[in-house]
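Novice: Now for the letters of each chain:
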Amino acid sequence: MSDTHSTAEKVAAGLGRRRRKEFVFRTLGMFATGVGILFLAVFFATLIGNGASAFKQTFMKLEVELSADIIAPGGELDLVYADFDGLTRAALRDKLPDASGRSQRREMYRLLSAGAGYQVRDFLKANPHTLGTTQTFWVPAASNVDMLMKGNIDATIDETLRPLSDRQIAWIRSLDEAGDLESRFNMALFTNGDSREPELAGIKGAMMGSLFMLLVTISLSFPIGVAAAIYLEEFAPKNRWSDLIEVNINNLAAVPSIVFGLLGLAVFINWMSLPRSAPLVGGLVLTLLTLPVIIIASRAAIKAVPPSIREAALGLGASQMQVVFHHVMPLAMPGMLTGTIIGMSRALGESAPLLMIGMVAFIVDVPTSFTDPASALPVQIYLWADSPERAFAERTSAAIIVLLAFLLLMNLAAVILRRRMERKW
Amino acid sequence: MQSTTLILLLALLATAAFFFGRGRSLSLVGGPGHGPALHSLPGYYGYFVAIWCVLPALLLMSGWMLLESRVVTALVIAGLPESYQLMPEGQLNLLINNIQNLASGDVVSVAVDESMQAAATELNGYLTKSRQLLAAFALGLACLGGALAWRRIDRDFRARNRVEAVVRWLLIGASSIAVLTTIGIVLSVLFEAIRFFQKVPATEFLFGTTWSPQTAIRADQVGSSGSFGAIPLFAGTMLITSIAMVIAVPIGLMTAIYLAEYSTTRVRGIAKPLLEVLAGIPTVVYGFFAALTVAPWLRSTGDSVGIAVSSESALAAGLVMGIMIIPLVSSLSDDAINAVPSAMRDGALGLGSTRSETMTKVILPAALPGIVGGILLAVSRAIGETMIVVMAAGLAANLTANPFEAVTTVTVQIVTLLVGDQEFDSAKTLAAFALGLMLFVVTLCLNVLGISVVRKYREQYD
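Quick mapping for you: the protein sequence lines, in order, are chains Z and W.
Quick note: the first sequence uses my numbering, first residue 21, plus one each step.
Quick note: the second sequence uses my numbering, first residue 5, plus one each step.
This is chain W alone, in the form it adopts within the complex:
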């Protein structure tokens, strides 16, 4: 039975359960007119039965789905001839893959022999059986749970409290997903990174200056042993981030100042939404613009003044990234500037200072922590930005501070290492997770710092 059909059936059962529960509570007191004799509103008895009908069955279903493929695979392997079972793990996985393809009628990469055909039939048999069992168990559990709950209903049964307790747990579960996501990120990145550091020493990764992640596929292949010194990547990331910040911070800050202090309401009303449009453009579009418009333009301009600009220069990526970050800097600076009490501004103006003096000598110093916090968040955004650099920056890991040359970044390398076919035991693939760990740790520190500074400062003037 398809899982969608099963879910539909469960939904039907739950609806039925609701009406049964509601009906029973009403019949206990002798009809709809006698509601007050019940502890809760009749609907709550219905919900109570429905919850007991559906929740255990859904839990069973999700657990079953998680384990199903593993159990079935193990059963199929156990049923294979001995010669197959003794194969090394990689080959065995390939074989299982082929059996699965064979079972679902897809293309198979090797010649099919009898035992594989048998295994495929067996696999299909197990799958059908598993689905039948699941359907039987889930529907049975639903009926059982519903019936038990139905029997418990009586006049004094506190159905509302029971239902609300379940809802409360659901709400808690929903809010815990954020924490689970963080744990998931940390664990998934950490485990693979540890496996990487078992193959490549951490010191080599952190302090090595050559990055060339090509590892030999066969043992007898020439060259390419792979070296994983990540310094060029960190340097490249820092270079592009600095270029972006050099663009974004002054422009963003001055924009915020102009819009907060000088512009008329009409100009502000037009300019602010326009800048928000800038913030809403997908990064892949910025990347396209950087690679196909800005980079060629920089190259030809460079040629005409006699500077050799690489077609994948750090400058192009940094410039466009800076423009992307302008709205972020300007809106966070805007918040910081507006949080400064107007008494301070009025006092400075009243003493005869010009607007620019008020700004630079009174408001900006007062708003500085907030602005710095905003800049930290912007830096974290620039470091983690992927599409612009993937499309406009290079792949070659050059250790250089020259913005006209091509550099590569941490995010570019993660994408390059993980796009395409992967082998999860090669240092090359695992390196991406080590880089991901670095990226996560660095941006996390910047974010925690930035968010706490921004928040603390905002509270100070509230």
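Chain Z with its partners taken away, still in its complex shape:
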């Protein structure tokens, strides 16, 4: 009996150590889980901290005299070549009369955005009868003015180290005190295409590019993916060919996305000579990229339909094809749609293959068709992230927020669809 006694003693002696170990292990697990979530929190905090301000933009109030002397010297208003910038500059000179000499004036003009003249032009185009009157405009201020107002430019450091001179800062302060500067919602972000001027740059072009691409992708990958899943689950004989397809699909799902870009470049652009930078080609590449995701999800959905349904239909005299299309497919549809939405959200966030097929160019115009040169939302983020201006960093964060909002909506739709429609058998 002394043996058991000593075993119990041994166990008791080791107990403290083992419990400590247990505690350490558990804490490590908690810590690891915390790291991921902590990163997520830091990530969103940084993003919103950086990007929220981009939804606001500083505008400047100008009383512009639409003087015919400047813009219509020959008596005829030429909307293309007239000096609209001259009008806004004259208005700014009236506001800040202390600027003397050419260099000081040039400094002063830099407070204005290049978009100010366009705004006046567009106004005149819509209201030609206002020529010669004085109108009040709220025009976008230059991005540096905006950055100063948002506190992103440190006015206390040495003049040579910051993009605004002491004189410019004094002007901005005086304009601000006079109530001529106002922070408003940045509509340009959603209504403009890309631009070299941060205050005029928007994501509409990129969003339209992404939209066209997703249209191509969904209209190809959903039918093809569902058809492939139906064949593999319901019709494919168990042979080498089916095994090959099966292995292939699983592998394709894990092939790096950039390789799909190489495929797109070699096949769609070089061999089929489709246009570069076009949403059509981007959509085709993304179709190939998302097909495995959709096929795998659709197969799971088909597998979940119980065999009794098929047997009942077959027993009533339906052909195999009728069983599948009349009974199995409608029942598996929620699962298939969920898989498709998840595939689409992957396609929306994908950028590496798009770099390969030339969708990374600087494109100002908003695309209007499937073959126009276009960019995509993630690629726009990549392009802006490379720009050195502080104002672009802010806009990059804003574009990311928009992208994540779209992704969140899509995933939410998938979750709701799954909850609402998926049946438990």
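Keep in mind that a hint or two might mislead.
What the hints assert, rightly or not - Restricting the straight-line Cα-Cα distance to at most 20 Å, the calculated cross-link-like pairs of lysine to any residue (SDA-like) are:
| no. | chain 1 | residue 1 | chain 2 | residue 2 |
| --- | --- | --- | --- | --- |
| 1 | W | K276 | Z | R438 |
| 2 | W | K276 | Z | R46 |
| 3 | W | K276 | Z | L60 |
| 4 | W | K365 | Z | F43 |
| 5 | W | K460 | Z | N270 |
| 6 | W | K432 | Z | I289 |
| 7 | W | K276 | Z | L429 |
| 8 | Z | K41 | W | T364 |
| 9 | W | K365 | Z | L264 |
| 10 | W | K460 | Z | L264 |
| 11 | W | K276 | Z | L432 |
Unchecked claim - Derived contacts from chain Z toward chain W, CB cut-off under 10 Å, selection only:
| no. | residue |
| --- | --- |
| 12 | R39 |
| 13 | N70 |
| 14 | L264 |
| 15 | A274 |
| 16 | F280 |
| 17 | T416 |
If you're looking for bench data, these hints aren't it; they were derived computationally from the structure.
Here a beta-carbon is modelled for each residue, glycine too, at the ideal position from N, C-alpha and C.
Mind docking chain W on chain Z? Use the hints.
Specialist: Below, chain W without anything else, positioned relative to chain Z:
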């Protein structure tokens, strides 16, 4: 005629064909009430006619579209004056390009002479003619096919079987696209890679230690003959991948263990979706975060402790990539851990072992193959990851194991070599495809291995 109009017309024809076919089958037996006298349901006769109306026409259309530009270009070249036809291929391509631009009213890069203007008019003429011919042929074929099919309908005609056979072939075609994609990837990468290895010996590519892909554009240019030793790229990729794995594997594994064994259902219910959010963030966003938040932070931290950290350090890219991969590792480990039969866990607990002992001595050894398979998939993901390294890692090919220095990776170089204008006969562009081939082969091996290990192991306990 625009191709969209043509497709719309075909769709209209198909709808009409459907009703004609259905109508004929019904009239054969004398009205809707007499359905049973037919072999198939009336609708199937309609589908049969519609398929024969549309399918041949669509096939013709796609074939035509594929060949059109080649044929038209060849015709235009044949119509050019002799002096142009004798030009070297590159110049001729440029000329054709300019003629095309001229024809579509775009900006032309050279002075336009008479023969170019003529060629452009000719090109436009050919294109219009081609479209007219296509429309005529396609619509004619549609009507012909539909009419023939319509004539074949009779009482005993097995329309359902015919339609189902076509649908079946369509399904087979759809499922073959996956195989075609793989073949397409292999062929497109392989051909260009072979052309590359004709210019640069494979041994130099695989074992050379200097990577500087700048090749001279003109023959008389100084320096820059280009050297294509890919070892620094492989080393850089491995360095960043290892950093990512050092982060992702322990954290992912411990997360899976904690969520599977320790956490309450409520914590699990919150933490799991949050980690899935981490998996759903686009990589370009991770890249932005790595380049604009993590890298500067590492640099300033390094400065304050006296370590020189490059602003494009491997560490920043690796860290963020590791965080990106955590959800992948944790979900695959989670699957492996949950696949271990609970009898094993209960047995170990019943013998008096603590939870951590059960985990490390019973469950993890049993789940090890599955976990290793998951890690292989994670490594393949890290090697192929592009945007994070493009944005946060450097371009200079340094052969170093120091995580604080800038290194470059295979994917970064592919992007750098292929973004912008390319010339498809320079070693520089072709090098990207050789790198792509390496990337594809390596990730393919890892994937096949990882997937088969994960699957085999899962079946073992089922």
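Novice: Hints first: check each against the structure and report whether it holds.
Specialist: Status of the hints after comparison with the structure:
no.	hint	in the structure
1	K276/W / R438/Z	17 Å, holds
2	K276/W / R46/Z	17 Å, holds
3	K276/W / L60/Z	13 Å, holds
4	K365/W / F43/Z	16 Å, holds
5	K460/W / N270/Z	14 Å, holds
6	K432/W / I289/Z	18 Å, holds
7	K276/W / L429/Z	19 Å, holds
8	K41/Z / T364/W	11 Å, holds
9	K365/W / L264/Z	38 Å, violated
10	K460/W / L264/Z	17 Å, holds
11	K276/W / L432/Z	15 Å, holds
12	R39	7 Å, holds
13	N70	8 Å, holds
14	L264	7 Å, holds
15	A274	4 Å, holds
16	F280	7 Å, holds
17	T416	6 Å, holds
In terms of the numbered hints stated before, the structure departs from hint 9 and from no other.
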